[in-house]
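There are 2 protein chains.
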Amino acid sequence: MIAVLRLGHRPFRDKRITTHVALVSRAFGADEIYIDTKDEGIERTLTSLSQRFGGSFKVQTGVNALNIVKNWSGVVVHLTMYGETLSKAVDAIKKEAPRDLLVIVGAEKVPPQYYELSDWNISVGTQPHSEVAALAVFLDRMTNGSWQEKQFNGEMTIIPSRQGKQVASNVGSNGER
Amino acid sequence: MIAVLRLGHRPFRDKRITTHVALVSRAFGADEIYIDTKDEGIERTLTSLSQRFGGSFKVQTGVNALNIVKNWSGVVVHLTMYGETLSKAVDAIKKEAPRDLLVIVGAEKVPPQYYELSDWNISVGTQPHSEVAALAVFLDRMTNGSWQEKQFNGEMTIIPSRQGKQVASNVGSNGER
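Those sequence lines, one after another, are chains A and B.
Adding 548 to a residue's 1-based position in the first sequence gives its number in this note's numbering.
Adding 548 to a residue's 1-based position in the second sequence gives its number in this note's numbering.
Nothing false has been slipped in among the hints.
Pairs involving identical chains hold if they fit within one copy or between any two copies, as the list cannot separate such chains.
Simulated pairs of lysine-lysine, DSS-like, Cα-Cα distance not exceeding 25 angstroms: (1) Lys657 x Lys713; (2) Lys657 x Lys618; (3) Lys642 x Lys618; (4) Lys606 x Lys618; (5) Lys657 x Lys563; (6) Lys636 x Lys713; (7) Lys563 x Lys606; (8) Lys618 x Lys713; (9) Lys643 x Lys698; (10) Lys586 x Lys563.
Hint data in this document are derived by calculation from the structure and do not stem from the laboratory.
The structure presented is a predicted model; accordingly, all values stated were derived computationally and were not measured.
Starting from the given sequences, assemble the full structure and let the hints guide the process.
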């Protein structure tokens with residue numbers, strides 16, 4: 549099981565970036581996201597999206613982030629540009645093969661205790677960029693790209709095509725979606 | 549040479565997402581970003597960041613996007629969840645080995661002509677997520693991860709570490725930065 553923990557979310561300022569973090573979590577194979585600040589808007593956005601596109605991704609906002617980290621039974625990873633080299637860390641974690649993985653992504657400055665409580669601080673490149681990108685590339689490497697084969701079985705399925713848009717509607721075609 | 553073209557940028561609404569798109573472009577090996585709408589704030593942010601962290605990444609805002617696409621001499625790629633499967637497209641483009649690659653990333657709805665003018669519409673997964681993530685994963689695959697080895701030679705260099713923060717300052721250490 550993979551969960552993502554979003555720290556330092558400010559509903560007005562970070563709404564769109566945190567929404568992207570949540571969408572990436574869902575699309576790249578995480579099962580759940582915890583967001584420290586209560587934000588019913590993001591809960592609604594993700595719930596509605598999962599209804600159309602499928603899957604069983606869970607969103608919890610307004611959580612006690614420190615408790616989640618302290619009580620996590622598996623491996624805790626914190627993505628930061630100051631962390632250990634991505635490939636080195638991913639190789640080591642894969643060897644350990646933890647049952648549960650918690651991935652912390654911060655907005656702005658992350659309090660020092662999260663650096664200390666994490667098993668791994670991991671850097672996706674040592675240049676400043678984006679927690680959205682860092683999360684996507686980390687999950688891509690961690691899952692060996694298997695997120696691309698995940699079946700979401702939603703009402704809508706997109707059919708890849710070099711030109712144009714092809715969408716299959718699965719509603720009403722049979723009892724199962 | 550790799551350039552990114554950001555379409556549909558609305559300075560107020562998209563400021564942070566487009567900034568993440570620009571930062572990802574720079575960090576993941578692109579040489580330049582064009583943004584269709586004029587935005588001096590993003591220009592300043594990236595210029596100031598490149599001064600500290602190095603590199604020669606260029607930002608141009610307020611460009612004529614359609615002209616750039618129509619006059620591009622290399623391969624034009626448009627990232628969209630409706631596009632061709634990532635691995636299939638990346639393999640084909642690598643075989644072609646274009647000298648110049650233009651990567652289009654839209655905000656919201658992209659006009660149909662960009663789908664038609666692009667050599668490839670490419671989907672980074674068929675689930676809705678984030679143009680920031682799509683760009684990062686596409687550039688990661690396209691460059692075989694070589695963006696991680698790029699030397700930016702800035703005033704500051706981050707030293708990867710599993711715990712804590714290690715930053716080397718390169719100012720004044722010698723004539724060269």
